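A.B. asks: With chain A fixed as given, assemble chain B onto it according to the hints.
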Amino acid sequence: DAGVTQSPTHLIKTRGQHVTLRCSPISGHKSVSWYQQVLGQGPQFIFQYYEKEERGRGNFPDRFSARQFPNYSSELNVNALLLGDSALYLCASSLNSPGANVLTFGAGSRLTVL
Amino acid sequence: GDSVTQMEGPVTLSEEAFLTINCTYTATGYPSLFWYVQYPGEGLQLLLKATKADDKGSNKGFEATYRKETTSFHLEKGSVQVSDSAVYFCALSPISSGSARQLTFGSGTQLTVLP
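Protein chains in written order, with our numbering: chain A, 193 to 306; chain B, 2 to 116.
The following block holds chain A by itself, in its conformation from the complex (with noise of 0.2 Å):
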């Protein structure tokens, strides 16, 4: 069975542009959750998002913003890029349910803004 899977693996932009990374996750997971991973640190949560609705949000500003489609697929779109979100973005999904909180990782997006 495929693991969860992200796209792209690495790109670069630069300030003031636009990015959108991509997740699919486990089959039978209905819930994804995003994560920013800042070199040298652990990973922060971004954004859940459980049958096609939000159901958590980090500490990150609204240029972060996220949905989830009907095939329980997710983007995740970055606004107006800054030097400090160059990070690793990794995807997570998990079983059917909110409450669900083992989490199998993608090996994530790695943005460089410059």
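Just so you know, these hints were derived from the structure itself, not from any lab. Just so you know, nobody snuck in bad clues.
Part of the chain A face toward chain B, derived, beta carbon under 7 Å:
{"no.": "1", "residue": "Gln233"}
{"no.": "2", "residue": "Gly234"}
{"no.": "3", "residue": "Pro235"}
{"no.": "4", "residue": "Gly248"}
{"no.": "5", "residue": "Leu282"}
{"no.": "6", "residue": "Phe297"}
{"no.": "7", "residue": "Gly298"}
{"no.": "8", "residue": "Ala299"}
{"no.": "9", "residue": "Gly300"}
In this text, all values refer to a predicted model and were calculated from it rather than measured experimentally. Built from N, CA and C at the ideal position, the CB exists for glycine as well.
C.D. replies: Same frame as chain A, but now just chain B:
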């Protein structure tokens, strides 16, 4: 708010040495506790977990015991291998109903095992 404090790295050990990575937490109630491992160029993999006080999580020779009295969840392994070289993250998940079950991570501990 919730927080996790991990032993600072990097940690360098010889093969077959004993490993301890300290982790303490601050949280309301009884969170679930996790250890995740991240190999170079990869995402995080769940190593082990514990959901209530005095539970012991174990996997691949690694162990950690949920200590409510000391708010700790230290990771141990009796004999490390070169293949254990990775970054280890301690994390917690709140238990309150209706929560997003978001994970709060520590800053990670880089482990290097030398042959």
